[in-house]
Amino acid sequence: MKKPIYFSIAAVSLVFGLLIAFQFRTTSSIAGGVPVDRFQELTIEKKQVELDNAHLEQEAADLAAKIEEAKKGRSQASEVLESELSKIRMYAGLTPLSGPGVEVIMENPPDKNGGASFYSIRDEDILKVINDLRGAGAEAMSINGQRILATSEIRLAGNHINVNLVRLSPPYHILAIGNPGTLKSSLEIKGGFVEYLSANGITVAVQQREKIEVPAYNGSLKFDYAKAAQRG
Amino acid sequence: MKGFQWALALVGLVLGIMLAFQFRVTREINKTEPVQRAQRMSAEVSQLKKERDYLQASVSELRATLDQLPAGPRDTELKEELEMARILAGVTELSGPGVEVTLNDSNITLKPGENPNLYVLHDEDVLRVLNEIRAAGAEAISINGQRLLASTEIRCTGPTIVLNKNKRLAPPYVITAIGNPDTLEGSIKMKGGVAETLQFWGIQVGVKKIPQVTVPPYSGGISFDYAKAAG
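Sequence order for the protein chains is E and H.
The numbering of the first sequence is the numbering used here, which starts it at 1 and goes up by one.
The numbering of the second sequence is the numbering used here, which starts it at 233 and goes up by one.
Treat the hints as calculated values from the structure; they're not laboratory data.
Any given hint might turn out to be false.
To list a few chain E residues with every Cβ distance to chain H over 12 Å, as calculated [stated by the list, open to error]:
1. Lys3
2. Asn108
3. Ser120
4. Glu124
5. Gly158
6. Pro170
7. Val194
8. Ser198
9. Ala205
Which stretches of chain H does chain E cover? Using the computed rule of at least three CB atoms under 8 Å from a CB of chain E, they are [stated by the list, open to error]:
10. 315-327
11. 341-350
12. 372-383
13. 408-417
14. 423-436
Every residue, glycine too, gets a C-beta built ideally from N, C-alpha and C.
Turn these sequences into a full structure, and let the hints guide you.
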């Protein structure tokens, strides 16, 4: 007589427990929900991936056309290889490029007392300027004629700064190709890095240019360790 | 006995109403505009990413096909040059000896009143570590599977960093670099070097020498909208 009651109490408790668990999950999913900025992020990401895909499709079409051309004969194959090489060299930073962009000149504060100045440009300062320019979409950059590659270091060595193992001295002359307005404002934004440097007495001049020329990397190219990964 | 049954019936009724109500609320939340929009958007993004991976693979395949076409005598030289340029351009998967550097936020427990900002990893810290690795002669670098190009920016956004135009990474950051493992390790661990500075703030820096690491190609298309070949 008593057993069915226990059963029904057990059943009710079970349902009730599930209900509470479910309620809890719903509440936490509301809390961690989808705020507006998350949506904005997704929108930007989507746009970027779409752009990537368009570029990749272009690249694939270009390669397919080259393969077709190369199948026609030896001489065509050579030509195709040359044109592929020149395209990759452009990506790698081995060809001089020109286009609109900005010219940034950074100079140490003049020595008033003849002594060492309070603040002089450090490698990190240049590193940050370069990083800001990259973030603003710079496509090719150079410092005092040294092209910035994927492997370029910007490093303090004594009184100088080394880039691509070449010693540079101030004033530092940075060229960047990209949208001139975006590049300039990325540096000169209120509370930005140029403001900080100016506050420390460093002269930073950012000029928009309709046409600048970024030189090619002219040092030696040697890879002792990296090999193309074996596919399979 | 009867009173007890009544009570049970009442509990059952309340429970039933709650259940129905709960069900409707959940359905309504899922149907609200922002949630639906975001769900649709994130589905689209993951679809697009799948497409991107597929395209990336087919581009790599096409490059391999191009390389295997019959070549003349001068073309071997051309192919070697192409190989070098591709390493630098970051469009091929590479492997070789190197190091794995792991960076993570501080494990120090903050005392009240301390500035937590000092104890988290910043884009600058990552930039400095990368710069040291480059100075030590790294030939190819990636962070959390994102290849570093000449144009790769590193930017802080809240607790995450963004690089290669909106590829978002969260700590721990694993930097993989190909190069001389001893030189690379030394450049990070050097006395007064970047690891020491970061460790002062409790930021965890780990360097591991690895005989064979793999650095993936840049996931995306490279194109120049402003830069043209000069001359």
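How the hints compare with the structure:
Distance to chain H confirms lysine 3/E as a non-interface residue, since its nearest Cβ pair spans about 14 Å, more than 12 Å. For asparagine 108/E, the shortest C-beta to C-beta distance to chain H comes to about 21 Å, beyond the 12 Å cut-off, and the non-interface label holds. Separation of serine 120/E from chain H is adequate, the least Cβ-Cβ distance of about 18 Å exceeding the 12 Å criterion. For glutamate 124/E, the condition that its CB be more than 12 Å from all CB atoms of chain H is violated, with the nearest at approximately 7 Å.
Non-interface status of glycine 158/E relative to chain H is upheld: no Cβ of that chain comes within 12 Å, the nearest being about 14 Å off. Proline 170/E, annotated as away from the interface, keeps every beta carbon of chain H farther than 12 Å; the closest lies near 19 Å. Distance check on valine 194/E: its Cβ is at least 16 Å (rounded) from any Cβ of chain H, clearing the 12 Å threshold; non-interface status holds. The non-interface label for serine 198/E is consistent with chain H: the shortest C-beta to C-beta separation is roughly 19 Å, beyond 12 Å.
Annotated as non-interface, alanine 205/E keeps its C-beta farther than 12 Å from every C-beta of chain H; the closest such distance is 21 Å. Residues of the segment 315-327 of chain H lying with their CB closer than 8 Å to a CB of chain E number 13, which satisfies the three-residue condition for coverage. Interface restraint, the segment 341-350 of chain H with chain E: violated (0 residues with C-beta to C-beta distance below 8 Å; minimum three). Judged by the Cβ-Cβ criterion of 8 Å, the segment 372-383 of chain H is covered by chain E as claimed, because 6 of its residues qualify and three suffice.
Counting residues of the segment 408-417 of chain H whose C-beta sits closer than 8 Å to any C-beta of chain E gives 3, which meets the bar of three, so the coverage hint holds. Residue count for the segment 423-436 of chain H with a Cβ under 8 Å from a Cβ of chain E: 0. That is fewer than the three needed, and the coverage hint is violated.
Hints 4, 11, 14, counting from the list given before, are not met by this structure.
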